[in-house]
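2 protein chains.
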Amino acid sequence: MRLKEFQKQLAKKRMGLALFFNFDGDNLDPNLVYFSSYTGFGALAITPKKAMLFVPVAEYERAKRTSKVPVVAAEKRMFLTIKNKIRSKPKLIGIDKNRVTLNFYKALRKEFPARYSDISSECLRLRTVKIEEEIRIIKKACTITDEIIHNMFWRFKQFKTESEVAAFLVNEAGRRGLGVSFKPIVASGKNACEAHHEADSKKLRKGFCVVDFGVRYKGYCSDITRTIYLGKPTQKEIEMYYTVLNVQTKLIAKCQVGKSFIEIDKKAHELFGKKSAHFTHLIGHGIGTEIHENPNPKQTPRRPVTELLENSVITIEPGLYYPGKSGIRIEDDVLVTAQGPKVLTKTGKNLLIVSRSGK
Amino acid sequence: MRLKEFQKQLAKKRMGLALFFNFDGDNLDPNLVYFSSYTGFGALAITPKKAMLFVPVAEYERAKRTSKVPVVAAEKRMFLTIKNKIRSKPKLIGIDKNRVTLNFYKALRKEFPARYSDISSECLRLRTVKIEEEIRIIKKACTITDEIIHNMFWRFKQFKTESEVAAFLVNEAGRRGLGVSFKPIVASGKNACEAHHEADSKKLRKGFCVVDFGVRYKGYCSDITRTIYLGKPTQKEIEMYYTVLNVQTKLIAKCQVGKSFIEIDKKAHELFGKKSAHFTHLIGHGIGTEIHENPNPKQTPRRPVTELLENSVITIEPGLYYPGKSGIRIEDDVLVTAQGPKVLTKTGKNLLIVSRSGK
Chain A
1 MRLKEFQKQL AKKRMGLALF FNFDGDNLDP NLVYFSSYTG FGALAITPKK
51 AMLFVPVAEY ERAKRTSKVP VVAAEKRMFL TIKNKIRSKP KLIGIDKNRV
101 TLNFYKALRK EFPARYSDIS SECLRLRTVK IEEEIRIIKK ACTITDEIIH
151 NMFWRFKQFK TESEVAAFLV NEAGRRGLGV SFKPIVASGK NACEAHHEAD
201 SKKLRKGFCV VDFGVRYKGY CSDITRTIYL GKPTQKEIEM YYTVLNVQTK
251 LIAKCQVGKS FIEIDKKAHE LFGKKSAHFT HLIGHGIGTE IHENPNPKQT
301 PRRPVTELLE NSVITIEPGL YYPGKSGIRI EDDVLVTAQG PKVLTKTGKN
351 LLIVSRSGK
Chain B
1 MRLKEFQKQL AKKRMGLALF FNFDGDNLDP NLVYFSSYTG FGALAITPKK
51 AMLFVPVAEY ERAKRTSKVP VVAAEKRMFL TIKNKIRSKP KLIGIDKNRV
101 TLNFYKALRK EFPARYSDIS SECLRLRTVK IEEEIRIIKK ACTITDEIIH
151 NMFWRFKQFK TESEVAAFLV NEAGRRGLGV SFKPIVASGK NACEAHHEAD
201 SKKLRKGFCV VDFGVRYKGY CSDITRTIYL GKPTQKEIEM YYTVLNVQTK
251 LIAKCQVGKS FIEIDKKAHE LFGKKSAHFT HLIGHGIGTE IHENPNPKQT
301 PRRPVTELLE NSVITIEPGL YYPGKSGIRI EDDVLVTAQG PKVLTKTGKN
351 LLIVSRSGK
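Residue numbers (this note's numbering), protein chains in the order written: chain A, 1 to 359; chain B, 1 to 359.
It is worth saying that the hints were derived from the structure and are not from the lab. Every residue, glycine too, gets a C-beta built ideally from N, C-alpha and C. One thing to keep in mind: the hints can contain errors.
[Stated by the list, open to error] Below are the DSBU-like pairs computed for lysine-lysine, each with C-alpha atoms no more than 30 Å apart in a straight line:
#  : chain 1 : residue 1 : chain 2 : residue 2
1  : B       : Lys218    : A       : Lys160
2  : A       : Lys139    : B       : Lys202
3  : B       : Lys110    : B       : Lys139
4  : B       : Lys298    : B       : Lys267
5  : A       : Lys76     : B       : Lys275
6  : A       : Lys13     : B       : Lys110
7  : B       : Lys157    : A       : Lys157
8  : A       : Lys202    : B       : Lys68
9  : B       : Lys139    : A       : Lys160
10 : A       : Lys298    : B       : Lys89
11 : A       : Lys160    : A       : Lys206
12 : A       : Lys254    : A       : Lys266
13 : A       : Lys259    : A       : Lys139
14 : B       : Lys4      : B       : Lys140
[Unchecked claim] Derived DEER-like restraints, expressed as beta-carbon distance ranges:
#  : chain 1 : residue 1 : chain 2 : residue 2 : range
15 : B       : Ile131    : A       : His278    : 48 to 54 Å
16 : A       : Lys64     : B       : Lys236    : 26 to 32 Å
17 : A       : Tyr322    : B       : Arg115    : 43 to 49 Å
The task is simple: from the sequences and hints, build the whole structure.
As structure tokens, then:
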């Protein structure tokens, strides 16, 4: 995306070269995806003047179709091909030290003797604030996700197991030529107490059922959670659900430009009051070419940005979890704008009750 | 798996502690999975005497169900909880330098000041030779994969797009409570020339259709490829298919204990003769808790073992690719034993022709 801006930063820092790597198929560098839109195995070289994507011969056709930057097929060793194409011998090379491993770094230094500087925070910061094209893509990802969640609602009575629901979601993404942004979470009954439960193939349990799902569209992630009820909820359960929804609605309204995500996380605990101990994870995260990115409600080396910047996209996902019993979570994707928060996922949030037939 | 053996190695090297990390949900450490069978976010600490898995509170329930080693919920910061539980201050700590990134290393050294030593090759070597329990698990993974591929064959006429086929495969794994070992590859017509084509949502193209698929069962991967024909193949196409099958059969027979995987890769090119330039990737790879592991037909820092060791499990997957036109690949999983190679994936390999109705 903001390649020119990044190249200017390189020039300013007298960095002759920046290198990014998608290791193996499933280990994607969100920066490489960000600058090139390519999601396969390969390396991206960016100099202040040009950008080139290097891929194995076997990936060349696919890369040519999807990459925003010129593609080179590495006929020989990847490093060698890069060397031959770059020609200049940069004295200072930028890499993402959150991604490059100790052993890979060793190999890299051997091939490209230079000083190396960490450009992870530059990339993270660039990626935090979305440009118009990215917002359009994420909106589309959210619309598709809403559509799929709706389709799931409609046929929920047909599903017998959690993994059938999960497979349906993956299938719906696949039918549209898309992958998922993470393995869908479908957690019914007592499984719902596990925030990251893996869908199992046992009969769907009565009680709350948490469904957490997202697609990857043109490299960008969506992320939504809805909790439905299987069977007949008690008054107390209905109240519990609306406690979470109420907290979520109040928190979304607070997502104003310049606000601290840390404060919003604190506010969640405040709003939950006595139930606060049952809210056991962070209130949300940024989304983009990575499913968890900046801004973040906790400052970490990989997620240094805690401020809600204009045109950042975050999730707001409060929940309550009762170990061995049940759980509830409601999550939306929110675009932070000067005009206030805009909720990008539009699926309704009233408690949906699926009565189990014959019981 | 071979935890005791690993602990003996630690003691011998006077390493007081080894640390492994599953970063984020989708970035699993195959060593952590290997020693604990746990596939979520967390850290594994192994000392010469004990092993403990540390997970966030939200993952505790799931971890307890699947982990082979005792689980500790990290009530506070992960590093702090580990420190409190380990108590001793080891002078030498083992980490996998193929996995630990430069920035994570920086943070780690701050929390655990010690000398650090790379234990990646010890782990890779342990994982290369499978014990009985692992072989049983991988065999089961292959049997399930065969079953799913059969089910796909039977209903192939119903599929309209590549992504429908891919979704069916994911769905079949999901129905059995399993994930996939990688995103299925379904490549029809000219798409088949891309070894790692991403299934698209356009109409299935006539000609060869490459299907590459595997499941993850109890942490272990299977990996199979079959190529079918949609429409009516020409005599030349049939010959091309059997050229690949013939090469594959001959190569599998050569997978004897002590053989070099590099030699088998060379032999593939020799057998393809004039067509050799159209075989554009390596002949195979090891499989286990990682979809690509040792032994490997090319020596790399992450895959140093090129010898076919007794009880290692590899894939043999020759192919021919014609850019912009078509492609063929046939892949099986092979257990290397003293009694010779044992093919674990049993799906038939005669060319399956699916005539398109109404054309």
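The hints, checked one at a time:
{"no.": "1", "hint": "B:Lys218 with A:Lys160", "result": "holds, 23 Å"}
{"no.": "2", "hint": "A:Lys139 with B:Lys202", "result": "holds, 23 Å"}
{"no.": "3", "hint": "B:Lys110 with B:Lys139", "result": "violated, 43 Å"}
{"no.": "4", "hint": "B:Lys298 with B:Lys267", "result": "holds, 14 Å"}
{"no.": "5", "hint": "A:Lys76 with B:Lys275", "result": "holds, 19 Å"}
{"no.": "6", "hint": "A:Lys13 with B:Lys110", "result": "holds, 28 Å"}
{"no.": "7", "hint": "B:Lys157 with A:Lys157", "result": "holds, 28 Å"}
{"no.": "8", "hint": "A:Lys202 with B:Lys68", "result": "holds, 22 Å"}
{"no.": "9", "hint": "B:Lys139 with A:Lys160", "result": "holds, 28 Å"}
{"no.": "10", "hint": "A:Lys298 with B:Lys89", "result": "holds, 28 Å"}
{"no.": "11", "hint": "A:Lys160 with A:Lys206", "result": "holds, 12 Å"}
{"no.": "12", "hint": "A:Lys254 with A:Lys266", "result": "holds, 12 Å"}
{"no.": "13", "hint": "A:Lys259 with A:Lys139", "result": "holds, 22 Å"}
{"no.": "14", "hint": "B:Lys4 with B:Lys140", "result": "holds, 25 Å"}
{"no.": "15", "hint": "B:Ile131 with A:His278: 48 to 54 Å", "result": "violated, 42 Å"}
{"no.": "16", "hint": "A:Lys64 with B:Lys236: 26 to 32 Å", "result": "holds, 27 Å"}
{"no.": "17", "hint": "A:Tyr322 with B:Arg115: 43 to 49 Å", "result": "holds, 45 Å"}
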